[in-house]
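*Asks:* Given these sequences and hints, build the entire structure.
Take the sequence shown: its letter number 196 is residue 176 in my numbering, and every next letter is one higher.
Source of the hints: derived by calculation from the structure; they are not laboratory data. Incorrect hints may appear among the rest.
Derived SDA-like pairs (lysine to any residue); straight-line CA-CA distance at most 25 Å [claimed, not checked]:
1. LYS53 to LYS124
2. LYS124 to ASN74
3. LYS39 to PHE52
4. LYS94 to SER133
5. LYS105 to GLU80
6. LYS71 to ILE131
7. LYS40 to ASN25
8. LYS105 to PHE64
9. LYS105 to LEU160
10. LYS116 to LYS139
11. LYS124 to GLY49
12. LYS45 to MET(-7)
13. LYS45 to SER76
14. LYS110 to HIS38
15. LYS105 to SER133
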Amino acid sequence: MQKATLIIGFSLMLFMSWSAQALTHKKKHAKSTSSKDKHISHHANYSNEIEGIASYYHKKFEGRKTATGSIFKHCLYTAASNRFPLNTYVKVTNLSNQKEVYVLINDRMSAHNKRVIDLTHVSVKKLNFKGSGLTKVRLTKVSKAIAEEFIASYAEEVKEKDTLSTSMDKATRKVHKKKLTNKKQKVTPTKKSSKSNSKKQAVKPIQKKPLKKIVK
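*Replies:* Rendered as structure tokens:
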């Protein structure tokens, strides 16, 4: 009887010990998961196309790390969203004016955020909605090749604008310089001629009248 009691007691102790370990492991796992995915929303079922409200990052996020570990910059075509997997490229269409921009999802928003995407300032400029702050958009998942082709074209557009601006500045400076030169050329001869006339007048000898001979 004592032997049976000891066996039952030992088994009960083992069971309680195992239960305590399992509970501790479960709590640790839950804690690590919550801390790791604190910015990931409950949208587990990703879709290829959705519609919703878009906004843009505050300036204070410049230079901070994103969910993928890259550094956030407002001059890049990146975005934060909970509706697509990280490192997914999407086409963002502003439904109020049909303007488009292609961006890379490399960051997450707060789990309670009801907006579908947060964009950088350069992306907002493409969509032309910074004044309103929010706009309704359509997000469409696209391939990396297509998105990178468009993003590369954005860089070329900037280069062309800079080149055009530089050439226009050069042309403006050239016209301004030409005007100044012409103005100087018009003013200079007048001054020279007036000086030369004054010199001539000053140098011109005075003609003496011949004296009349007096006849006695």
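*Asks:* Of all the hints given earlier, name the ones this structure violates by number, lowest first.
*Replies:* Violated: hints 4, 7, 9, 10, 12 and 13.
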